[in-house]
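Number of protein chains: 2
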Amino acid sequence: MLARHPQGAPQESDFEVRDVPDRAPGDGEVSVRNVFVSVDPYMRGRMSGRRTYVDPYTLGEPIAGGAVGRVVESRYDALAEGDWVLSMLGWREQGLARGDSLHKLDPSLAPPSTALGVLGMPGLTAWFGLVEIGEVKAGETIYVSGAAGAVGSTAAQIAKLKELHVVGSAGSAEKVEWLRSLGIEAFDYRETPAKEALADGIDVYFDNVGGEQLEAALTALRPYGRVIACGAISRYNDERPSPGPRNLGFMVTKRLRLQGYIIADHWDRYPAFLAEVGPWVAGGKIAYRETILDGIENAPVAFAGLFRGDNTGKMLVRVG
Amino acid sequence: MLARHPQGAPQESDFEVRDVPDRAPGDGEVSVRNVFVSVDPYMRGRMSGRRTYVDPYTLGEPIAGGAVGRVVESRYDALAEGDWVLSMLGWREQGLARGDSLHKLDPSLAPPSTALGVLGMPGLTAWFGLVEIGEVKAGETIYVSGAAGAVGSTAAQIAKLKELHVVGSAGSAEKVEWLRSLGIEAFDYRETPAKEALADGIDVYFDNVGGEQLEAALTALRPYGRVIACGAISRYNDERPSPGPRNLGFMVTKRLRLQGYIIADHWDRYPAFLAEVGPWVAGGKIAYRETILDGIENAPVAFAGLFRGDNTGKMLVRVG
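Chain order of the listed sequences is A and B. Residues -6 to 313 (the working numbering) make up the first sequence, in order. Residues -6 to 313 (the working numbering) make up the second sequence, in order.
One or more hints might be untrue.
In this list, chains with the same sequence are indistinguishable; a pair is considered to hold if it fits within one copy or across any two.
Stated by the list, open to error - No more than 30 angstroms apart at the CA atoms, straight line, and that leaves these computed lysine-lysine pairs for DSSO-like:
1. K247 - K155
2. K188 - K247
3. K247 - K130
Bear in mind the hints are in silico, worked out from the structure with no lab data behind them.
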């Protein structure tokens, strides 16, 4: 649970593990043993104590968030012991949830952990951003920052399947190698300035990072370019607001459109997403990776690692 | 004509008046004596020597731009001596143009100078920005910066006629008084920080100014807010790029859309604009002001005055 509001980069000491026994499930409730717990960049905002688009986490309360687990006891008709479910139970080993808040998973269709990654919130975020916010078209060039992350790696591959030319950046040689193996033109932003890597110009920028990458993308964008403002992980630990891009004036002269979105507003598009992306994942046309740490006590380590780029693909904590 | 590229604020010494006799009009050509010459903020970018969305002005060449004048000699069938015409002849007393590049004006419908202001490029810019970029809706609150300028004053009044709640800022007590007389909630940004004036929140920001006003607007914007990125006059004289807004992260958390446009792309919408806005101007529902300097030698003074806010409404130079 959250012990104090992180200042700058989250520290292990900002969190506490507590042993709290659950009561037995009441009518309509289900007891779930978590197997995979999700840590996601957006959680940083909820830890600040300030209300943004979603309520802040309360000190002394468990961190809510996506989790995948198995039913251990059910008093809800549609779920039975052993069923795999997606929940918002968050950072805990076991918890109680209303049955109607759980989404049953079929482990024969896809590994249950993918419900937290390529076929879950990050996957929908990637697809929705490309299709609805960026309105990407075949033949365009797109730049994806954070391209080895959960959202970025899915966005880069969907864009490629939609016949865009895809340039991606990541923060290590291994990540760059993985991206290249997927047919993505990738560079290590710690080695190559984005401004150089994007010198040929881009039509769309899928922004997971903000800061310098956004500034470089604004310079590289061609007239009528779009910015899919998905996130700004380089900025989430800022202790004071740092200046925005010096070249935002390009917005006018290049007629750019910059648009933010929050995927929680768009779960109604999940079936359309699954219809298009599900077969690509099942058929191996979209690859995914997971970086898994073991033990609930490592949730803060996994979470803090997101901001250091410790993960390739989806960062998960395996519990129980 | 442009003698040198201005550094920072344009100086009179960046320009030169030269006496160059015109030849007689050839077949299809028209000789026009200018009456009103337009100075517009966008011209600053063309003086930089760098290509942006439009070719830069060439040193030693006259400044092209909007002008209204009368035909003195015509070898083009559809125009006769004495006709009022809108041209792109720019900063000169008299000039030759191809007849098919001129737009004939009917002085019985509206004073010819309005073809450079409320019924011309600035008016279309205001209307198109509201309708197509901002997609404004009745009942919304809009903030217009530079609200006493040619574009801003038109935008503010159109928004009011479309039943929005309109807040406008300007840089003097006189301008604020004029805006208030038009039913616009106005404040002097030199006296009141925009952040305070906008504390109740806004849905749309019509940005003519950039810089601090943009930052204040990003803070004030409600979820799903839009920024109509029309211009950034506070920045055009910057000698080096200055940092952007520190709160651009709101783009994601508040799901904002920021979009730039260049009205030169949208002249095809002029008839639709005129159909809606023409009757409002004719009927006195949209007021307009003009700040007029006399003599072509004062074009640089008028132009530099745009960046000091010397104008209320459209800035014009009367010649001949």
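Against the structure, the hints come out as follows:
no., hint, in the structure
1, K247 - K155, "both (25 angstroms within a copy, 29 angstroms between copies)"
2, K188 - K247, "both (17 angstroms within a copy, 28 angstroms between copies)"
3, K247 - K130, "both (18 angstroms within a copy, 26 angstroms between copies)"
Taken one by one, the earlier hints all hold for this structure without exception.
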